[in-house]
Amino acid sequence: MTIRIDNELLAELGLASLRDETKPGFVKFIYETLELRVGKTLADQMTDEQLDEFELLIDGEDGIESNRDDALAWLQKNFPFYPQVVQQSFTELKAEIAEGAPAILAEDRRTAPKSNRNEMDGAA
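Per the numbering used here, the sequence shown starts with residue 1, numbered consecutively.
It is possible that some hints are incorrect.
[To be verified] Calculated pairs, DSSO-like style, for lysine-lysine (alpha carbon to alpha carbon, straight line, at most 27 Å): (1) 28 - 40; (2) 40 - 114; (3) 28 - 114; (4) 94 - 28; (5) 40 - 23; (6) 40 - 77; (7) 23 - 77; (8) 40 - 94.
Note that these hints are calculated values from the structure, not bench results.
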């Protein structure tokens with residue numbers, strides 16, 4: 001299953017009316033939050049040796065950029081339930097965001113520049 005984190009997801013979560021300049025940052029926030037949650041769940045189940053090995057794949061050796069394909073292959077080999085962890089974490093995160101959507105939209109509106117707030121209210 002492919003997880004898409006994009007403007008369609010924002011609409012699904014009740015956030016379609018976020019300001020255009022807010023959407024990319026919120027999409028990034030969702031991605032990073034999901035990545036952190038999945039990482040923590042898996043790290044809690046890793047031995048110290050596995051954690052060291054995985055960190056080398058993620059961080060790269062001697063500052064060399066990580067190889068996400070190798071890291072993903074390692075996860076699939078060592079944690080075959082990895083896709084279920086991702087899906088469960090994603091489902092939980094979506095529910096939290098959907099529940100908080102009214103507050104998120106209110107904050108987005110509150111922090112909008114005054115000229116944008118007038119447009120959001122329908123005023124010219």
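Going down the list of hints, with the structure as the test:
no., hint, in the structure
1, 28 - 40, "18 Å, holds"
2, 40 - 114, "40 Å, violated"
3, 28 - 114, "25 Å, holds"
4, 94 - 28, "14 Å, holds"
5, 40 - 23, "26 Å, holds"
6, 40 - 77, "18 Å, holds"
7, 23 - 77, "35 Å, violated"
8, 40 - 94, "18 Å, holds"
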